[in-house]
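Those protein sequences? They're chains A and B, same order as listed.
So the first sequence is residues 1 to 288, counted in the working numbering.
So the second sequence is residues 289 to 483, counted in the working numbering.
One or more of the hints may lead you astray.
List time: in silico DSS-like cross-link candidates among lysine-lysine, alpha-carbon distance up to 30 Å [to be verified]:
{"id": "1", "chain 1": "A", "residue 1": "116", "chain 2": "B", "residue 2": "434"}
{"id": "2", "chain 1": "A", "residue 1": "15", "chain 2": "A", "residue 2": "58"}
{"id": "3", "chain 1": "A", "residue 1": "116", "chain 2": "A", "residue 2": "15"}
{"id": "4", "chain 1": "A", "residue 1": "58", "chain 2": "B", "residue 2": "481"}
{"id": "5", "chain 1": "A", "residue 1": "252", "chain 2": "B", "residue 2": "477"}
{"id": "6", "chain 1": "B", "residue 1": "344", "chain 2": "A", "residue 2": "58"}
{"id": "7", "chain 1": "A", "residue 1": "46", "chain 2": "B", "residue 2": "477"}
{"id": "8", "chain 1": "B", "residue 1": "369", "chain 2": "A", "residue 2": "46"}
{"id": "9", "chain 1": "A", "residue 1": "252", "chain 2": "B", "residue 2": "451"}
{"id": "10", "chain 1": "A", "residue 1": "175", "chain 2": "B", "residue 2": "477"}
{"id": "11", "chain 1": "B", "residue 1": "435", "chain 2": "A", "residue 2": "176"}
{"id": "12", "chain 1": "B", "residue 1": "481", "chain 2": "A", "residue 2": "163"}
{"id": "13", "chain 1": "B", "residue 1": "481", "chain 2": "A", "residue 2": "116"}
{"id": "14", "chain 1": "A", "residue 1": "176", "chain 2": "A", "residue 2": "23"}
{"id": "15", "chain 1": "A", "residue 1": "116", "chain 2": "B", "residue 2": "435"}
{"id": "16", "chain 1": "A", "residue 1": "212", "chain 2": "A", "residue 2": "58"}
{"id": "17", "chain 1": "B", "residue 1": "317", "chain 2": "A", "residue 2": "23"}
{"id": "18", "chain 1": "B", "residue 1": "317", "chain 2": "A", "residue 2": "46"}
{"id": "19", "chain 1": "B", "residue 1": "343", "chain 2": "A", "residue 2": "53"}
{"id": "20", "chain 1": "B", "residue 1": "317", "chain 2": "B", "residue 2": "435"}
For the record, the hints were derived by calculation from the structure and aren't laboratory data.
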Amino acid sequence: MNMENRKRIRRINTKRITATVKKLFIEANTALGDDMVSALHCSLQKEESPIGKQVLEKIIQNADIACRTAMPICQDTGLAVLFVEMGQDVRIVGGDLRAAIEEGVRQAYEDGYLRKSLCDPLTRTNTGNNTPAVIHMDIVPGDQLRIIAMPKGGGSENCSAAKMLTPAAGIEGIKKFVLETVENAGANPCPPIIVGIGIGGSLEQACILAKKALLRLVGKTNPSDDRLAQMEKELYTRINELGIGPAGLGGKVTTLAVHAEMMPCHIASLPVAVNIQCHVARHQEETL
Amino acid sequence: MNNRSTACENGPIRIQTPLSADVCALLRKGDMVLMSGDVYTARDAAHRRLYEALKKGLPLPIDLSISTIFYAAPSPTPPGKVIGSIGPTTSYRMDAFTPALIEHGLRGMIGKGNRSPEVVEAIKHYKAVYFGAIGGIAALTAQCVKKMELIAYEDLGPEAIRKLTIVDLPLIVINDFQGNDLYMSEQIKWHIKSI
Numbered sequence: 001m002n003m004e005n006r007k008r009i010r011r012i013n014t015k016r017i018t019a020t021v022k023k024l025f026i027e028a029n030t031a032l033g034d035d036m037v038s039a040l041h042c043s044l045q046k047e048e049s050p051i052g053k054q055v056l057e058k059i060i061q062n063a064d065i066a067c068r069t070a071m072p073i074c075q076d077t078g079l080a081v082l083f084v085e086m087g088q089d090v091r092i093v094g095g096d097l098r099a100a101i102e103e104g105v106r107q108a109y110e111d112g113y114l115r116k117s118l119c120d121p122l123t124r125t126n127t128g129n130n131t132p133a134v135i136h137m138d139i140v141p142g143d144q145l146r147i148i149a150m151p152k153g154g155g156s157e158n159c160s161a162a163k164m165l166t167p168a169a170g171i172e173g174i175k176k177f178v179l180e181t182v183e184n185a186g187a188n189p190c191p192p193i194i195v196g197i198g199i200g201g202s203l204e205q206a207c208i209l210a211k212k213a214l215l216r217l218v219g220k221t222n223p224s225d226d227r228l229a230q231m232e233k234e235l236y237t238r239i240n241e242l243g244i245g246p247a248g249l250g251g252k253v254t255t256l257a258v259h260a261e262m263m264p265c266h267i268a269s270l271p272v273a274v275n276i277q278c279h280v281a282r283h284q285e286e287t288l
Numbered sequence: 289m290n291n292r293s294t295a296c297e298n299g300p301i302r303i304q305t306p307l308s309a310d311v312c313a314l315l316r317k318g319d320m321v322l323m324s325g326d327v328y329t330a331r332d333a334a335h336r337r338l339y340e341a342l343k344k345g346l347p348l349p350i351d352l353s354i355s356t357i358f359y360a361a362p363s364p365t366p367p368g369k370v371i372g373s374i375g376p377t378t379s380y381r382m383d384a385f386t387p388a389l390i391e392h393g394l395r396g397m398i399g400k401g402n403r404s405p406e407v408v409e410a411i412k413h414y415k416a417v418y419f420g421a422i423g424g425i426a427a428l429t430a431q432c433v434k435k436m437e438l439i440a441y442e443d444l445g446p447e448a449i450r451k452l453t454i455v456d457l458p459l460i461v462i463n464d465f466q467g468n469d470l471y472m473s474e475q476i477k478w479h480i481k482s483i
């Protein structure tokens, strides 16, 4: 190794990673993001249904109480999903990266009084500490480590869906699938929802794109593709015309935002994933 | 409660658990309710156990005929508090087990989301009520809980059956014994355009 290369390597200790992951999951579960709070206030102006308005008012009031009293916004404090972007010039010291992240999740859910909601799929025995987490790791240029913590509730995740459309289905087929998925979900995913759409790649890539779409600032349209920005606007209107409303009790506000992400796919395929997020749309991030 | 329209116009109806057959027969889709008394938390894993016990003829840890079940699992209780955050989970996952529980006396259920035709039918036949609570407002809902006690299935962790003593828990009647469904009727009112 020459001197130039050695100089560029940045060391990050696993203890710091554990502490950061712990802090992010506790914060995410108790403090709703400013973008969500303002989207909820905005939706209150749009809602005309009296019950719908009441529901939205309670959602806003709850977020305020949760933040002030450091209580979880929702009792479902989620499956711990993380997006970790590690700069290729970072060297992890003090232990194993994955183990450090898992330890952060364990500490957050234990010390933060968050519900442990993970179990064996067949015996349904609780794992007891909300691990293992779902960790999406990516290697990126640079010497920083970006950690995004996203507690994901089960109710809205259950309403999500992926489908391999034929290329002939085209953009109309994509829109139809999104609308059907939202309509089938009805009251179940705790509307008003955020709809994340992933188009292209492979089956799993479409799902990851859909989940990443949920991380975008609420209501910001796709910045790099006009076709997607248009589709987001159209679906936002059409989903709100379904009438599901806040808590599914009828109304004009069923979704607060539709976010779509896309990448090229196989000539034979048109993968589409719809990841539904409840109104407790939580994520926090930090770059080390 | 004797004059329904008056009761509703005057705001939410105050009801007390255990729910009597008379109260259940009076409640209608869309009624706003403030519930007080004891309710029992039970969700996925607890329902499977209750159902299997019923099938085997074994005694249940709760008396269904005087119980109202809240489909919920609270977050852990921080020091100095009665309970963590709590709110309803999605009810349809309990649908496979619910008709049997209703048949054995269960009258009140609290959750969120649609029920299966089999559950709606059992509600009609046995004069039960399905109440909707708002999901995701769990810090607020926790303020209605004054006492919590572990009753059964401790090994299920958050999914254990717990007795909650509640005061004025705000609910809305979704399915009544006449077969009405509030989600269906309210969503149609605001439905502008089909897919």
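Now for the hints, and whether the structure bears them out:
As the CA atoms of residue 116 of chain A and residue 434 of chain B are separated by approximately 23 Å, the hinted pair is consistent with the 30 Å bound. At roughly 39 Å between alpha-carbon atoms, residue 15 of chain A and residue 58 of chain A are farther apart than 30 Å, so this suggested pair is violated. Taking the CA atoms of residue 116 of chain A and residue 15 of chain A, the gap is near 23 Å; set against the 30 Å cutoff, the hint holds. Restraint check: the Cα-Cα separation between residue 58 of chain A and residue 481 of chain B comes to about 28 Å, which is no more than 30 Å; the hinted pair holds.
Our distance criterion of 30 Å between C-alpha atoms is met by residue 252 of chain A and residue 477 of chain B, whose separation comes to about 10 Å. About 43 Å separates the Cα atoms of residue 344 of chain B and residue 58 of chain A, which puts this hinted pair outside 30 Å; it is violated. Annotation: proposed proximity of residue 46 of chain A to residue 477 of chain B holds, straight-line Cα distance about 16 Å (limit 30 Å). Distance restraint check for residue 369 of chain B and residue 46 of chain A: the Cα-Cα separation of roughly 37 Å exceeds the 30 Å cut-off, and the hinted pair is therefore not satisfied.
About 37 Å separates the Cα atoms of residue 252 of chain A and residue 451 of chain B, which puts this hinted pair outside 30 Å; it is violated. About 23 Å separates the Cα atoms of residue 175 of chain A and residue 477 of chain B, which keeps this hinted pair within 30 Å; it holds. Taking the CA atoms of residue 435 of chain B and residue 176 of chain A, the gap is near 47 Å; set against the 30 Å cutoff, the hint is violated. Pair hint residue 481 of chain B plus residue 163 of chain A holds up; C-alpha atoms about 24 Å apart against a cutoff of 30 Å.
Taken as a hint, the residue 481 of chain B and residue 116 of chain A pair is broken in the structure, with Cα atoms around 40 Å apart against an allowance of 30 Å. About 40 Å separates the Cα atoms of residue 176 of chain A and residue 23 of chain A, which puts this hinted pair outside 30 Å; it is violated. In summary, the hint linking residue 116 of chain A to residue 435 of chain B is supported, as the alpha carbons are separated by about 21 Å, within the 30 Å threshold. For the suggested pair residue 212 of chain A and residue 58 of chain A, the alpha carbons sit about 28 Å apart, so the restraint of at most 30 Å is met.
The suggested pairing of residue 317 of chain B with residue 23 of chain A is violated, with an alpha-carbon distance near 43 Å, which exceeds 30 Å. About 25 Å separates the Cα atoms of residue 317 of chain B and residue 46 of chain A, which keeps this hinted pair within 30 Å; it holds. Restraint check for residue 343 of chain B and residue 53 of chain A: not satisfied, since their Cα atoms lie roughly 44 Å apart, outside the 30 Å limit. The hinted pair formed by residue 317 of chain B and residue 435 of chain B meets the criterion: a straight-line CA distance of about 29 Å does not exceed 30 Å.
Hint check: violations occur at hints 2, 6, 8, 9, 11, 13, 14, 17 and 19; the rest are consistent with the structure.
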